[in-house]
Every structure is written in structure tokens, then in C-alpha cells.
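One line per chain: the protein sequences are D and U, in this order.
Okay, so the first sequence: first residue is 1 according to UniProt numbering, each after it adds one.
Okay, so the second sequence: first residue is 1 according to UniProt numbering, each after it adds one.
Please keep in mind that the hints were generated in silico from the structure rather than gathered at the bench.
Some clues are possibly wrong.
FRET-style restraints, in silico, Cβ to Cβ [as the list claims (entries may be wrong)]:
| hint | chain 1 | residue 1 | chain 2 | residue 2 | range |
| --- | --- | --- | --- | --- | --- |
| 1 | U | Glu501 | D | Gly26 | 45 to 53 Å |
| 2 | U | Asp24 | D | Ala34 | 39 to 47 Å |
| 3 | D | Ala34 | U | Arg167 | 30 to 38 Å |
| 4 | D | Ala34 | U | Leu235 | 25 to 33 Å |
| 5 | U | Glu46 | D | Arg25 | 39 to 47 Å |
Cβ atoms here follow ideal geometry from the backbone N, Cα and C, with glycine treated the same way.
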Amino acid sequence: MAIQTPASFAVAKRNRVPLAQIDVRGGEVAKKLARIIPATADRTVRTSSFNSAL
Amino acid sequence: MTGPPVPFREIVLKVHSRCDLACDHCYIYEHADQSWLTRPKAISDEAISWTAQRLAEHVKSHALPSVSVILHGGEPLLAGPLRLRRVCAELTAAIQPLAELDLRIHTNGLQLSPRYLDLFDEYDVKVGISLDGDRSANDRHRRFADGRTSHPLVLKAVELLREDRYRHLYLGLLCTVDVANDPIAVYDALTELDPPRIDFLLPHATWDAPPVRPNGSPTVYADWLLTVFDRWDTLGRRVPVRLFESVLSTLAGGPSLTESLGLAPTDLVVVETDGALEQVDSLKSAYEGAAATGFDVFHHSFDEVAAHPGVKARQRELAGVSETCRQCPVVRSCGGGLYTHRYSEATDFDNTSVYCSDLEALIRGIERRVADELVPAALTEPSALLAEDQDLTRALLVSLHGELAGRGGTRWDRGWELTLALDAQGDPLDSLWRHPYTRTWLQDTHRALAGKRPDAVERALRLPSYLAAALVAAGSPTPVRTPYEEGVLRLPGLGELRMGEPSASGEAEVEATGDGFVVRAHGRTRQVRLTSTRRTEDDDWRPVRTLGGTQGVPLLRLDDLDPYRDCFAAPTADRLTSAEVERWNGLLSEAWALLRQFAAEEAAEAAGWLTTLTPLTSSPPGATETPAAPSLFGRSSTRERALRGHGYGALGIAPARNPEQLAVELLRGFRRAKLNALLEVGDLYAQDGWWRYPAPWRSEEVPVSELLAGVWERAGLAAFDPEGADQAKRGLATLERAAELTVSGHRLLAQLRRELATDPGPLPRQGSDGPGDGRPGQGGGSDGAARWAPLAPSPPHLRSQPQQSAPSTGCRASADSPGSVARNASCDG
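Whole structure, please, built from the sequences with the hints as guidance.
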């Protein structure tokens, strides 16, 4: 019943992370989501940028 | 300078103004400002209380989710454990109920003992330590007043901090660069101490007091740092180095991570031991009183300081750097350097950094070293783009689950558990991820939740419809309790089934069968067969029909049903008649044949990702030309548009007069869809809208997003639009100098250069080569009028006209006329 299964779709699946293991608050995924959905305010600490300290 | 002040998120609290070391490179004691001489040694109880109170007010009034307080000096440990306990206790009591409090201390480590660390453990105060490298490097500057070394004591402090009981407090090591030191030895000495992070600081200098350059080289600091970078890289980048990671971040389109680089507005304020509120204290290197504001915590709010001209001058982003910097391609990464390093008595801070040559060499050096690494596979591999796009849809669903936070009740939980179970099997949900409007539903629902719309949760509860459709498509006989609304049960990508009166709503059980599916509700069972690719409809069942599937045309859905398909710049068409579908099918066959002949690469690639065509209407004049998203300073107009997006795989196409026109519109659609997919999975540029550029097709200057989209689209259509190809070449030349482009953006330009260099040139005019030469236009359009011979002057539907105002760009980033697919076609189909 699948309408189209070109090889590219099979390739796309190859390295798929299971849904249960996707951490949407993790760096890369969160960054990608931020491009397409409104950012939600949370209490995540921002990295300090003060030059004279870490 | 106008605009609201940027709230402070970092507070540097000077708890002690003296130091037990006498480092000769210290900006507090050895540079221009000597105000430390008049400060109280330790911060007073009153100043502590007022600081906590002012900060709590500030956090509350700006609804800040978190705030960092850095305990600093002088040497902050000289304040003693009792005073530091009071500081921590008062700040925690005032802030923690309102926001996350991130407490840090930066010390030379000499006084560090379990007594302090137990206190820091109690209040979760993270500890950073200054160390300039190995013994000889550290001894170059970091000595006691009598010349004794401090190195062994610092190592002892680090050793204590690395003990299991305190390890969680270990923030890292801060190293000031001296190019006389061996960079490898310095780096190795630091990493031997296993720090969670490192940063390297350029020694403070100004144009009046320039940095030491032992060999006269203008890039000696860059050379030193790049040597460290190479060591860092060779050893696998095991320790985060803030300076390097900041450059890597900005090269990839992300934020800067340190105030010494990048264009981010300052969000930092200093509270001195006497309660004085000051600007960042590195300004003390510039001139006496450079950091002063005249405000203090006893009489003034943080907002008053935020509105101070000196603070606001550092919140002007691009407008806050010198004219030379504003024109520089690396300014997004260097940001003009640390503010202090720009100072000269003659021209104040309106200068490049005294480290300008070093910063440029450092950034370009890092870029050269990591260019390949920073370019995602999605940019060069179509299958990787598809994978990334589907991963984004999957992450959106996981994100929705998190955002609901239990509000979906048992109905959501049931659907979510089934989703996880099916996902673990691998294949059953494939069509869910491939369906482009799954993304639209997810984005719409996220927006509804974020906007606290009353029906937001109900929108989320449409999940089973998607699961059922996917299972039916996969032929997997797992029953799904599926909602129906307004008398219609919708199976996205498949069709919709009438369930009774238009007001009826409820749940039905949907289960795949060998040749279709059954629906069970209210004791009735209805069978729907999906045996034909054309999918005939009856009184109750309205299928999503298909096009193509023969003669090299990919089999595509003609989706005129999906409730989320209305995400294009032009309105979607209503349900097409069977005759209209047949006409679309005929046009598509001929159009695809033209594409295979004259845009073979694009057609082949599109066949790998295109799943869905959605018919649009040709709109009333002006109806689709809503104002373009304003280019907000510091905001990406592309991102604003993407909030109404869809997955990679759909095109919205208005009816075409003939195959030639449809072929061009498909090709234009391919280009737009690919660029938008690329923009959704990666950053091709950053700070869109900060600069404006002339675009050969517009009378007004445009932001980089629009210039890139315009060039990209025209390059794709170059073979059919010579005028547009020429515009693309000129636009590309402008883009080469754009500071907004990331490493990925530059890689895309390289691709455009190749495309435009191999532009086959205009196709022959119909008739000039005689009939039957296989060129476009020889196949005959359905209306017998137009021929595919877009020579100059281009046909009206292709010609690129200067425009007076920015047209709508709809939900997707696009060139100059994203609605043109609809606007430029007359509706006769």
C-alpha cells in the first residue's frame, strides 16, 4: 500500500534513532527544533560569557 | 540609541577587592584604572542584601528563567567563609524561588580548602581557577609580591577540587596567553589537570598600550592559539575550550560563547565591594573610571544601569562595532573583539580590536581546519537531507509528548505507547514520517500549546489518525482507536471517510486489511478497498488520489484533502473533480518528460523525495501578497517563515496552462523545497537582516536570506531563464562577501558557482531548429499556445522583474515571489 518507496527513503531510515531515545533537550536536537518551533522558556542555565571567569 | 534595555543575566559580584598574588598582567591593579585603592576590602552586609534584592527585582520584572552570579575579586576567597556563606545564602533565598540561580566563583586557588569547598558544595557554587600553564609559564606573571611562585599552591587547589567529593564543583581553568610560553606545554599542563573546560584569554591591551609582539608578527597570538587548536584537535578535543568552541559555533551559525568574541549584546553587570554598579571590569584596562556608571545597589535598580549609555553602547550588536568591522566578513565571529581591546584615547572605542589581525587569522585558520566537518551531509547527499528532515519530524513528535506533560490524558498515552511500540518495529510508521503534512500538524500543535489555545490538546489528540493511516499504508493489521470530527474520519495521506452527520464526533476503530481497511464504530463495520492507484471514491470515501507512476513519472499523491495542507503562500484549491485530476495527470506526464530531458539531475533527485502535490488556486490580484516578514534586527526572517512549514516532500502547485509551464513551476518548486529543507536542518547563514544587499531583481536592498533564495532559484532555472541566470551570477558575486554566511552557506555558494558555470545557456527558440529536434516546445502544450522556448525576452511567467515591495514569502523561505506559483499561472485546469 505504500505509495512510494524510492531507495532514498530506505537510506534515510538507516541511522534512525528510536523515538524513545531521542532527547529533545539535548544540544543538537534542541537546536534543530528551535529552528521550526517557538522556543519555550525554561530554567536552563545559559553558559556564562564573562571573559574573566569561566 | 533606542530600544528596551537588555536584561542582565550575569552578575559579577566583587566580594573582595584585594589579592594575595601580584600578577604583573592583572587588569585590576596593574592597568589604567586604580579605583581598587578606594574600595572597601570586603563587600558589606548591606551591599550583599541590596544586591540580592535588586537582582530578585530584575529577575522578576524580566521573567528571567535563570541568572548567573560570579563571585569575583581581587581574590574572592579572601572574603572568608563566613562572608561568602552570607553571600550565597542571601542570593539563594532571594533568587531560587524565582529562577535558576547559577553560582560560580573564580579564584587563584591559593586559599582553597575543604572549609570553602564544603560551603560551595552546600550552595552548589562552581569553582574556576586561574592558571597560565606549566610551572615556567605560570611563573612568568602569576607570582607573590615577593616574587615567589604560586604554581605549587594552585596545583594543590586543583588536586583538592578533583577529589571525588568536590569534583562536581570543578568548573575549569582560565589561562592568560603569553606568546613567550610554549603553547603545547601550556595546553598539556592544563589538560593534565583534567579540567571540565578551559579558556584562553588574550592579555588586556589597547591601541594606546598594545600587546607585546616579540617577533613583530601581526598574528603572533593567532599563531600561538592555532598551535594550541591543532593540539586540541589532534587529541580529540577532549576538553571544551571556550575560545575555540565559540569560533566553531559562530562559523556554524550559532551564538558566540564569550564576551570576547561575537556580536551578542552584553548582559553583564558588575557589583563592586562598595555596592557600586559598574560595567564589565576589563574596561579598567582602558582608562581611569572607564567602568563607572555612577549607580549603586542602594539607590538604583539594575534596569537603570541597563539603560546607561555605556552599557547600551555594548548592546548595539553590529551597530556597536566600528565601520571597518561592519564591512568585515568575519565580524559575526570576532564581533570586533573584546570591547576593551578597541580603545584608544584619540577615538575612544570606535576602532577595530588591537588584536584585529590575530582574530581574523584565528577565525580563518579554524575555518580552514574544520570546513569539511562543519558542512552537514544533508548539504551534499540527498538521502542525508531526507533523513535529517524525517528526524526533525520525529523529534517534533517527541517534543510534543514532552510539551503535553500529561495533559493529553489516557487518549494521548494510548496513542503514544502505540507509537513507541510501532517505532520499535521499524517499518510500520514509515509513511507517517514521509507524509509532509505530519510536520505541519506537529508545528501547528506546538504553536497552539505555546499560545495556550483552548483546543491545543485536542489538536494533539489527532495522533491516532496518523498512526492509523500509517498502519493502513503499511498493511499492518493493528487496530487503532481513531478520532473523527465534524462527521469525518481523516486518514492523512490516504483520504477521509464520512461517518455520519456533519456534527458527529467520536472514536472509531481502524484496522488495515489485505486490500484496504475496515472501520468499526457504533456496531457498524465499513470496508474500504484501496486497490487502485487512482483510488476511486464513493459517497462516503474520498481518497487522496495519485498522479504519475508510469513513463518515468514518480507516483505522487495529489493531496487536496489534508486539513494541514494550507501552509503555502497561496491558498489551496478545493477538492478537484475527476476530470481535473486526469488533466493534472496528463500535464504532469508531459512536464516530467521535459524535466527528464532538460533538468535530468533535478528531476532524478526530486523523484527521490517528492511524494505530494497540493493544488493551489490562482489568487485574486494582491491576495497572496501579504507583507514579507519584517527583517528584525538579530532575527532570522527565514525562521519566522518556517514556523508554518511542512516536511520535505510536498509542493504546492497552481494549475498550469501547459506542460511547459508546469515543468518550470515544478523545477522552481524543487529548488524552493530543497533550500527550505536545508534551512530547516542546518544554518546556511546567521543574523539574517543585519545587512542589506542589492539584488539584481529588486529595486530595494534585501537581507541575505532573500538574496540567497533568489540566486538559488535563478541558478536552478538558468537554462530556461537567461536573464535570471545573469541576475543569479551578479547576486552570487555579492553573496561571496556576505558576513552572515556560515561554512555551510559558503559550501552552497560553491555549488551555485559550479551550476552557473555549467549553465547550458538558453534553449533554442521554437522553430529555429526545426520540428522534432526533441527540445522543449516540440511536444505541444495542451492548449497549443505556449511553447517551451524561454529566450529573451523571457515569457511573462518567467521574466524577473524589479519589484517595489517584498512579496509574501509564505511559510517557506523563497526568492522574490513565492506566491508566483499561484500568481503566474492562469487557472484553466
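Here's how the hints hold up against the structure:
1. Separated by about 47 Å at the C-beta atoms, Glu501/U and Gly26/D satisfy the suggested range of 45 to 53 Å.
2. Our hint of 39 to 47 Å for Asp24/U and Ala34/D holds, since their Cβ atoms are close to 45 Å apart.
3. The supplied range of 30 to 38 Å is met by Ala34/D and Arg167/U, whose beta-carbon atoms lie about 32 Å from each other.
4. For the pair Ala34/D and Leu235/U, the beta carbons lie near 31 Å from each other, so the given range of 25 to 33 Å is met.
5. A C-beta distance of roughly 40 Å is found between Glu46/U and Arg25/D, which places it inside the suggested range of 39 to 47 Å.
Consistency with the previously given hints is maintained throughout, with no hint failing.
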